[in-house]
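Colleague: Got chain A sorted already, so can you dock chains B, C and D onto it with the hints?
Chains as they are written, first to last, in the numbering used here: chain A, 7 to 146; chain B, 7 to 146; chain C, 7 to 146; chain D, 7 to 146.
FYI, nobody ran anything at the bench for these hints, they're computed from the structure.
It is possible that part of the hints are untrue.
To be verified - Examples of chain D residues lying across from chain C (beta carbon under 10 Å, computed): (1) P24; (2) A25; (3) P34; (4) E58; (5) L59; (6) V68; (7) M72; (8) L110; (9) F116; (10) A123; (11) F126; (12) P130; (13) P132; (14) A133; (15) L135.
Stated by the list, open to error - List of simulated lysine to any residue pairs, SDA-like, C-alpha gap at most 25 Å: (16) C:K103 <-> B:F67; (17) A:K96 <-> B:S76; (18) C:K96 <-> B:T18; (19) C:K103 <-> C:L142; (20) D:K96 <-> D:A137; (21) D:K96 <-> C:S76; (22) D:K96 <-> C:L75; (23) C:K103 <-> C:E46; (24) C:K127 <-> D:T18; (25) B:K96 <-> B:R144; (26) B:K127 <-> B:L49; (27) C:K103 <-> C:K127; (28) A:K103 <-> B:F67; (29) B:K103 <-> A:P66; (30) B:K103 <-> B:G51; (31) D:K96 <-> D:P77.
Since the model is a prediction, treat every value here as computed from it, not as a measurement.
For each residue, glycine too, the CB sits at the ideal point set by N, CA and C.
4 protein chains.
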Amino acid sequence: MGTAFVHPINVTWGDCDPARIAYTARLPAFALEAINGWWEAHLEGDGWYQMELDRNVGTPFVGLEMTFLSPVTPRHPLLCETFPAHLGTKSITFVVKGRQDGTLCFEGRFTSVFTLADQFKSQPAPADLRAIITPLIRAE
Amino acid sequence: MGTAFVHPINVTWGDCDPARIAYTARLPAFALEAINGWWEAHLEGDGWYQMELDRNVGTPFVGLEMTFLSPVTPRHPLLCETFPAHLGTKSITFVVKGRQDGTLCFEGRFTSVFTLADQFKSQPAPADLRAIITPLIRAE
Amino acid sequence: MGTAFVHPINVTWGDCDPARIAYTARLPAFALEAINGWWEAHLEGDGWYQMELDRNVGTPFVGLEMTFLSPVTPRHPLLCETFPAHLGTKSITFVVKGRQDGTLCFEGRFTSVFTLADQFKSQPAPADLRAIITPLIRAE
Amino acid sequence: MGTAFVHPINVTWGDCDPARIAYTARLPAFALEAINGWWEAHLEGDGWYQMELDRNVGTPFVGLEMTFLSPVTPRHPLLCETFPAHLGTKSITFVVKGRQDGTLCFEGRFTSVFTLADQFKSQPAPADLRAIITPLIRAE
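The following block holds chain A by itself, in its conformation from the complex (with noise of 0.2 Å):
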């Protein structure tokens, strides 16, 4: 099997609202760091901004939806479990899972297409990034 891909996030206070608690819009953005932490540990340190410019492979978003759980705050590291949980002809679903001090805190879904990146049009995922991918896919 193998281990998870967890990608640590250090929640701080300027994540944080007056409520104590990092602010809703907050948690989208660090799950979207964690998918991008993904790509850059499977694909020899590349992320979106190196797929954009140096591979020409855009990964834009079409959809995804979270479910918040527990808050988040900056009293624990925010461990992001993240894995593909579905590979289309020409998207990508990653889920993404988010857990401080062993409770979980939000979970979500996050699909995107693939695009030649210079052209901003979509195109089936690459050869060598489905090759990366498939094996790694799981049911959530």
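Modeller: Frame of chain A, contents of chains B, C and D only:
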């Protein structure tokens, strides 16, 4: 019928990523800004800040889902049509539809629960808010 | 004399930290938003995005300084008086003074250089911009 | 002497603007993140959040200045050397120098005052903090 509530957002350079469109994580932030604007418009200028500090009403989010249909850019104002689609005993669901130059760019559903802010404990929707919200509920 | 240019910002819940005031890092962001608004107001609606993409003029910042005098909150609109204080051959300095309810909350100076955007290479201030900016320069 | 404290930041796609470099407003945010990291490293893991909530010590900023020398990108980690340069009776000044791949990208000075957090009232630097900070003060 009456007129739909629309919250305008001035999308700028700093909202955009190297693909020259608003970064994905900005879109939930824009939608939340629109929901806050809805409260301000219907609650005598009070947004989440005043609701929490002056009225002791919190509305933490328990879930959201968004579909992204067309890129958001600084070329046009982002007009966020915002309305309550459902009011439960202890929860409320808003729909936000973001349009630029007549094109639907995204739509989303955002569900919060009502809390006693100083106790971070759920409560039924306060009667005065319920009276304001109820006549404005619309099907999607 | 004429009227000062003022860019209004609606400060909200999501801008605030657990001290219930706008988080420090939001204040430079607000000031930059005001400078972008100054360009939009004086350049036929063009902000940094259109300047870069349509006019091939970049204005990357080389320095900034800010003094914070009074907390910024969602209680009042943040009115950012913004004007050019100096125009050099290749650089421009803006001053931004942010006020809420008549109180000066912050003031700052922000210096950019002009570049050929597609080459990221410095250039003298383009003549058409210089003609627009020069009569609006004010001492602080 | 000992080793300088360096706070690393993973700059990503979402930090960048259409010029393909980190947006200017992200740079003060990065520097503040580094200062918060300095506190965490020297105060048993406590950053601003814990200082405010657990120790009743606030450190609101009264001023900052930054010089931007070279663009920040996702190509390399951003290493923020961070140290206190001055400790006054009621204030502290940090210096942050951000480097990528050996190049100095920005440097800045950031001054805060100490407050009783629950009263938002200035106070002298608490003795325990002063004892930690004093030996770490460096000239720039």
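Colleague: Look at each hint and say if it fits the structure.
Modeller: How the hints compare with the structure:
Annotation: P24 (chain D) was flagged as interfacial toward chain C, and the flag holds, the nearest CB pair being 6 Å apart, inside 10 Å. Against a cut-off of 10 Å between C-beta atoms, the interface hint on A25 (chain D) holds, since the closest Cβ of chain C lies about 6 Å away. Nearest Cβ of chain C to the Cβ of P34 (chain D): about 5 Å, under the 10 Å cut. The hint holds. Interface restraint check for E58 (chain D): the shortest CB-CB distance to chain C comes to about 6 Å, inside 10 Å, so the restraint holds.
This hint holds: L59 (chain D) has a C-beta 7 Å from the nearest C-beta of chain C, less than the 10 Å allowed. Look at V68 (chain D): its Cβ gets to within about 5 Å of chain C, closer than 10 Å, so that hint holds up. Checking M72 (chain D) against chain C: minimum C-beta separation of about 6 Å stays under 10 Å; hint holds. At its closest, the beta carbon of L110 (chain D) sits 13 Å from a beta carbon of chain C; the interface hint therefore is violated under the 10 Å criterion.
For F116 (chain D), the suggested interface contact is upheld, since its CB lies about 9 Å from the closest CB of chain C, less than 10 Å. Interface hint status for A123 (chain D): upheld, as the beta-carbon distance to the closest one in chain C is roughly 7 Å, under 10 Å. Checking F126 (chain D) against chain C: minimum C-beta separation of about 7 Å stays under 10 Å; hint holds. The criterion of a C-beta within 10 Å of any C-beta in chain C is not met by P130 (chain D), whose closest approach is roughly 19 Å, and the hint is violated.
Contact between P132 (chain D) and chain C, as hinted, is not supported at the beta carbon level, the nearest pair being about 17 Å apart and thus beyond 10 Å. For A133 (chain D), the suggested interface contact is broken, since its CB lies about 23 Å from the closest CB of chain C, more than 10 Å. Because the beta carbon of L135 (chain D) sits about 18 Å from the nearest beta carbon in chain C, more than 10 Å, this interface hint is broken. For the given pair, K103 (chain C) sits about 35 Å from F67 (chain B) by alpha-carbon distance, which is inconsistent with the 25 Å threshold.
Simply put, K96 (chain A) and S76 (chain B) have alpha-carbon atoms about 17 Å apart, close enough for the 25 Å limit, and the pair holds. A threshold of 25 Å between alpha carbons decides the hint, and for K96 (chain C) with T18 (chain B) the separation of about 24 Å falls inside it, so the pair holds. Distance check on the hinted pair: K103 (chain C) and L142 (chain C) sit about 16 Å apart at the alpha-carbon level, within 25 Å; holds. For a cut-off of 25 Å, the pair hint linking K96 (chain D) to A137 (chain D) stands: about 14 Å separates their Cα positions.
For the given pair, K96 (chain D) sits about 17 Å from S76 (chain C) by alpha-carbon distance, which is consistent with the 25 Å threshold. In summary, the hint linking K96 (chain D) to L75 (chain C) is supported, as the alpha carbons are separated by about 16 Å, within the 25 Å threshold. Among the hinted pairs, K103 (chain C) with E46 (chain C) is consistent with the structure: their alpha-carbon atoms are about 18 Å apart, no more than 25 Å. A threshold of 25 Å between alpha carbons decides the hint, and for K127 (chain C) with T18 (chain D) the separation of about 24 Å falls inside it, so the pair holds.
A distance of roughly 18 Å separates the Cα atoms of K96 (chain B) and R144 (chain B); the hinted pair therefore holds under the 25 Å criterion. Of the supplied pair hints, the one linking K127 (chain B) and L49 (chain B) holds, its CA atoms being roughly 22 Å apart against a limit of 25 Å. In summary, the hint linking K103 (chain C) to K127 (chain C) is not supported, as the alpha carbons are separated by about 30 Å, beyond the 25 Å threshold. About 17 Å separates the Cα atoms of K103 (chain A) and F67 (chain B), which keeps this hinted pair within 25 Å; it holds.
Note on K103 (chain B) and P66 (chain A): the hinted pairing holds, with a Cα-Cα distance of about 19 Å set against a maximum of 25 Å. This hinted pair checks out: K103 (chain B) and G51 (chain B) have alpha carbons roughly 22 Å apart, not beyond 25 Å. Of the pairs offered as hints, the one joining K96 (chain D) and P77 (chain D) is violated, with about 34 Å between alpha carbons and a cut-off of 25 Å exceeded.
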